[in-house]
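Undergrad: Below are the chains, spelled out letter by letter.
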Amino acid sequence: MKRLRRLGVLIALVVVAAGCTGEAGGGAGERKTGAILPAYGDSLIEASIGNVSSLIPNITSDSASHEVGDLMYNGLVTLDRDLNVVGELAKSWKLAKDCLTLDFQLNPTVRWHDGKPMTADDVVFTWETTVNPKTPSPYKSDFQDVERVEAAGPHDVRVVYKRPYAKALLSWALPILPRHLLESYVKAGKIKEAPQNWTAPVGTGPYRFKEMKSGEKIVVVANPEYFKGRPNISRVVYRIIPSQATIFLEVKAKGVDVAGLTALQYKRQTEYPAFEKAYNKYRYPGAGYTYFGFNLKDPRFADRRVRLAFAHAINKQGLLDGVVLGLGRPATGSFRPGTWADNPAVKGIPYDLKRAQTLLAEAGWKRSDGGLLEKDGKPFTFELLTNQGNDERKKIAEIIQASLRELGVTVEIRILEWAAFLKEHIKKRQFDAIVLGWGTGADPDQYVVWHSSQMGPDDLNHISYSNPEVDALLEAGRSSCHQAERVRFYHRLHQVLADDQPVIFLYWRDALPVVSNRIFGIDPGPAGIKWNFTDWFVPKHLQRYTAG
Amino acid sequence: MLAYALRRLLLALPLLLGITFVSFVVIHLAPGDPSELQSGDLSMQHSAQAYKQMREEYGLDKSLPVQYWNWLSRLVRLDFGRSFAPDGRPVLAKIGERLPITLLLNVVEMLIIVSLAVPIGVLSATRQYSTFDKITTMFVFIGFATPDFWLALLLMILFGVRLDWLPVSGLRSLNWEYLSFWRQQWDFLGHLALPILVATFGGLAGFSRYMRQSMLEVIRQDYIQSARAKGLAERVVVGKHALRNALLPIVTILGLSLPGLIGGSVIVEWIFAIPGMGQLMVQAAFERDYPVLMGNLVIVSTLTLTANLAADIAYSLVDPRIRVGRRRR
Chain A
0 MKRLRRLGVL
10 IALVVVAAGC
20 TGEAGGGAGE
30 RKTGAILPAY
40 GDSLIEASIG
50 NVSSLIPNIT
60 SDSASHEVGD
70 LMYNGLVTLD
80 RDLNVVGELA
90 KSWKLAKDCL
100 TLDFQLNPTV
110 RWHDGKPMTA
120 DDVVFTWETT
130 VNPKTPSPYK
140 SDFQDVERVE
150 AAGPHDVRVV
160 YKRPYAKALL
170 SWALPILPRH
180 LLESYVKAGK
190 IKEAPQNWTA
200 PVGTGPYRFK
210 EMKSGEKIVV
220 VANPEYFKGR
230 PNISRVVYRI
240 IPSQATIFLE
250 VKAKGVDVAG
260 LTALQYKRQT
270 EYPAFEKAYN
280 KYRYPGAGYT
290 YFGFNLKDPR
300 FADRRVRLAF
310 AHAINKQGLL
320 DGVVLGLGRP
330 ATGSFRPGTW
340 ADNPAVKGIP
350 YDLKRAQTLL
360 AEAGWKRSDG
370 GLLEKDGKPF
380 TFELLTNQGN
390 DERKKIAEII
400 QASLRELGVT
410 VEIRILEWAA
420 FLKEHIKKRQ
430 FDAIVLGWGT
440 GADPDQYVVW
450 HSSQMGPDDL
460 NHISYSNPEV
470 DALLEAGRSS
480 CHQAERVRFY
490 HRLHQVLADD
500 QPVIFLYWRD
510 ALPVVSNRIF
520 GIDPGPAGIK
530 WNFTDWFVPK
540 HLQRYTAG
Chain B
0 MLAYALRRLL
10 LALPLLLGIT
20 FVSFVVIHLA
30 PGDPSELQSG
40 DLSMQHSAQA
50 YKQMREEYGL
60 DKSLPVQYWN
70 WLSRLVRLDF
80 GRSFAPDGRP
90 VLAKIGERLP
100 ITLLLNVVEM
110 LIIVSLAVPI
120 GVLSATRQYS
130 TFDKITTMFV
140 FIGFATPDFW
150 LALLLMILFG
160 VRLDWLPVSG
170 LRSLNWEYLS
180 FWRQQWDFLG
190 HLALPILVAT
200 FGGLAGFSRY
210 MRQSMLEVIR
220 QDYIQSARAK
230 GLAERVVVGK
240 HALRNALLPI
250 VTILGLSLPG
260 LIGGSVIVEW
270 IFAIPGMGQL
280 MVQAAFERDY
290 PVLMGNLVIV
300 STLTLTANLA
310 ADIAYSLVDP
320 RIRVGRRRR
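If you read the protein sequences in the order shown, they are chains A and B.
For the first sequence, the residue numbers in numbering that gives the first Met the number 0 are 0 to 547.
For the second sequence, the residue numbers in numbering that gives the first Met the number 0 are 0 to 328.
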């Protein structure tokens with residue numbers, strides 16, 4: 000088993016070396032000389048802007064907690080390089096044809112960090128914890144269709160669903176929690192007060208908790224008894240640095256090994272030999288897209304021709320170049336490019352001012368003598384809202400303002416603090432138009448964003464979009480658990496949304512991480528770069544942090 | 000004297016109550032609430048159900064007076080409650096782990112500022128319009144005009160990246176636990192050097208100006224003339240007769256800045272990744288973490304009231320005019 004894994008690393012290396020020429024530059028030459036063999040040891044230092052709010056990732060949604068949690072916990076399943084579901088704690092599984100029962104066979108050799116064996120009972124407990132009304136879990140909705148979870152044997156779990164649920168398998172990527180340590184806290188509704196939440200987390204993952212200094216750093220060390228074999232890098236330090244500028248300077252001073260860069264830093268401030276010698280830069284499509292959305296209750300925007308006209312008036316590639324220096328891709332819809340739900344046949348709406356003008360004229364909007372667009376004597380003026388602290392969105396708003404001025408439309412930009420923006424405008428639907436983004440998960444279900452039943456004040460269909468065909472496709476897509484079937488629904492949905500433009504899909508920004516080039520084994524793919532983290536290694540002669 | 004102190008102490012209580020009430024209301028007036036931010040941060044995983052549950056858990060579904068009453072009744076038992084941030088930890092634990100580093104930074108900074116500002120102020124006052132005075136004036140204006148974050152970044156680039164003399168950010172090196180005791184202290188000092196330098200630069204400007212101004216006023220007084228007429232050495236005139244009196248306003252300002260010692264410098268902590276009070280409070284404000292905000296407020300206002308009281312008592316001890324005034328009453 001172990002030998003196989005090693006082989007995997009070597010193959011991955013070849014891929015990296017081949018891929019290096021374009022993006023990663025500097026290190027490529029070194030890599031081709033001599034055999035680079037995996038080795039144990041060294042520390043990896045990663046920087047993050049966000050604070051870690053819990054060491055039990057099941058009860059938090061911030062990305063920092065999840066990144067650290069991923070090192071210490073495992074789910075029954077996980078995602079591979081190409082976002083396919085593969086087994087983790089589960090050796091195998093079987094999903095019934097009717098999608099109503101799901102059987103997992105667990106790996107019997109897995110042990111908790113405290114030495115106790117992990118069993119089917121812990122899986123049952125994790126489910127009980129998640130659905131317990133006293134547990135503040137953001138993942139409850141993944142389990143609302145579960146009728147029961149039972150331990151069919153010490154290493155066999157059976158999940159029974161009330162109705163087919165598309166994300167059934169994927170939802171079990173949820174970190175599995177130890178019953179013997181957490182049960183009393185969960186029963187009392189005090190999971191946040193458990194020592195595992197802050198000072199002594201216990202999971203099954205490749206790294207064990209060492210120490211945490213609140214707001215400063217978290218240190219984890221390799222778990223020598225990890226069931227998939229000890230990870231190569233022996234210590235990971237997760238530093239919390241709230242300022243992006245400081246992170247960048249730390250990278251330049253070689254104080255940080257892994258960090259995400261901004262587009263400007265990536266493109267303009269790291270193109271010098273010393274930097275390229277020390278770091279490899281990576282670039283892959285991120286999981287979030289940015290859009291220009293409308294309040295569809297406003298009759299002006301309810302007219303599809305107006306939205307299409309606006310889409311034609313915005314030069315998406317130009318916007319992408321201006322806002323993120325071209326480090327992204329124009330969006331045609333809301334499915335992550337390159338994943339199975341994404342329909343590559345859908346074409347984007349081309350930049351075409353003539354067409355935009357024709358469409359607006361068809362919708363009854365005429366240019367007045369002053370050059371302003373008018374209908375029934377009223378000029379076309381609206382307010383474009385976005386949140387403070389996001390420079391990209393501010394720039395986008397300015398570009399939209401300039402683009403629509405060409406059509407005679409007056410746009411007023413307003414930038415608001417996040418909490419006020421959400422409460423006073425988004426939740427109350429008090430806006431004309433917005434610039435915002437959506438993050439997408441591994442599953443393509445987007446019921447909560449587009450379905451017409453999701454227009455309540457606390458729901459996420461802020462734009463009040465209602466389209467019977469979209470509703471039907473969303474329902475069909477989430478009630479099947481077979482990818483082959485779901486593909487059809489989502490490809491069609493992609494096309495319908497692109498034709499209707501309920502929002503103007505702007506772009507998917509790229510993730511732009513840099514990694515110290517003493518680290519080998521990185522194999523970037525649709526899942527990003529961290530998916531095979533336990534295979535990363537530093538060759539003996541390049542190891543920097545040898546103490547401990 | 001004792002009666003006076005007691006009376007002041009009793010008066011401080013309703014004042015504290017008033018401060019907390021007004022702050023409580025004002026803090027809750029800001030739009031948005033923590034459950035909204037946590038359940039509605041616009042990732043698709045979240046649901047309306049999670050939001051409602053959180054509101055109940057935090058007691059935000061109750062009316063504002065009820066919320067205040069609940070908070071207050073816990074406070075009198077010295078229970079500051081648990082944070083509304085996703086970590087849900089006790090407020091006192093959160094403040095407790097952040098306070099020492101902020102206190103250390105600010106005390107050291109204050110000591111440096113005072114020990115530099117006093118001589119600078121005295122020298123530029125006694126040599127008014129001399130080259131030294133002009134240079135320090137210029138320096139002071141540069142200090143006033145330089146944004147903290149910009150200076151911090153420049154120093155980080157120079158000392159951290161180009162010269163590689165000092166660490167860029169943080170409090171300790173990553174191999175800290177493997178160093179010897181003295182190396183650990185040296186490492187810690189190295190990490191504090193830049194933040195203290197940046198924080199001192201801005202503060203020094205203000206303080207040395209105050210000192211100069213106060214000194215200028217004193218040396219024009221008649222009693223300084225008489226001291227000189229008496230034939231005392233200039234050193235004694237300035238160092239003994241003038242300085243003592245000129246220091247009085249400075250002591251007042253120092254007293255007032257006492258509560259600021261635990262406030263922390265937001266920008267310095269932010270840029271240098273120092274997990275102190277400033278960072279905690281800013282984050283609490285963005286997250287609408289009411290218990291942490293209120294907890295900090297109670298501590299700061301108690302400290303302010305105590306400092307005021309202490310200052311008043313100290314005055315009456317030091318300054319005969321105030322003491323006489325009280326007796327006559």
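In short, the hints are calculated from the structure, not lab data.
Treat the hints loosely; a few may be bogus.
Looking from chain A toward chain B, a few residues come up when the C-beta cut is under 10 Å (computed) [said to hold, decoys possible]:
(1) Asp61
(2) Ser64
(3) Gly68
(4) Gly214
(5) Ile246
(6) Lys353
(7) Arg354
(8) Glu423
Computed from a prediction, not measured in an experiment: that's the story for all the values here.
Note that CB positions come from ideal geometry on N, CA and C, so glycine has one too.
Undergrad: Work down the list of hints and note, for each, if the structure agrees.
TA: For each hint, the structure was consulted:
1. Annotation: interface hint on Asp61(A) holds; nearest CB of chain B at approximately 7 Å, less than 10 Å.
2. About 8 Å separates the beta-carbon of Ser64(A) from the nearest beta-carbon of chain B, less than 10 Å, and the hint is met.
3. Taken as an interface hint, Gly68(A) does not check out: its beta carbon lies about 13 Å from the nearest beta carbon of chain B, beyond 10 Å.
4. Given hint, Gly214(A) at the interface with chain B, holds; its Cβ is 3 Å from that chain's nearest Cβ, closer than 10 Å.
5. For the restraint placing Ile246(A) at the interface with chain B, the shortest Cβ-Cβ distance is roughly 9 Å, inside the 10 Å limit, so the hint holds.
6. A hinted interface residue such as Lys353(A) counts as satisfied when its beta carbon comes closer than 10 Å to some beta carbon of chain B; here the least separation is about 36 Å, so the hint is violated.
7. At about 32 Å, the closest approach between the beta carbon of Arg354(A) and any beta carbon in chain B exceeds 10 Å, and the interface hint on this residue is violated.
8. For Glu423(A), the interface hint holds, since its Cβ comes within 10 Å of a Cβ in chain B; the closest pair sits about 5 Å apart.
Going down the numbered hints, you'll see the structure goes against 3, 6 and 7, while the others check out.
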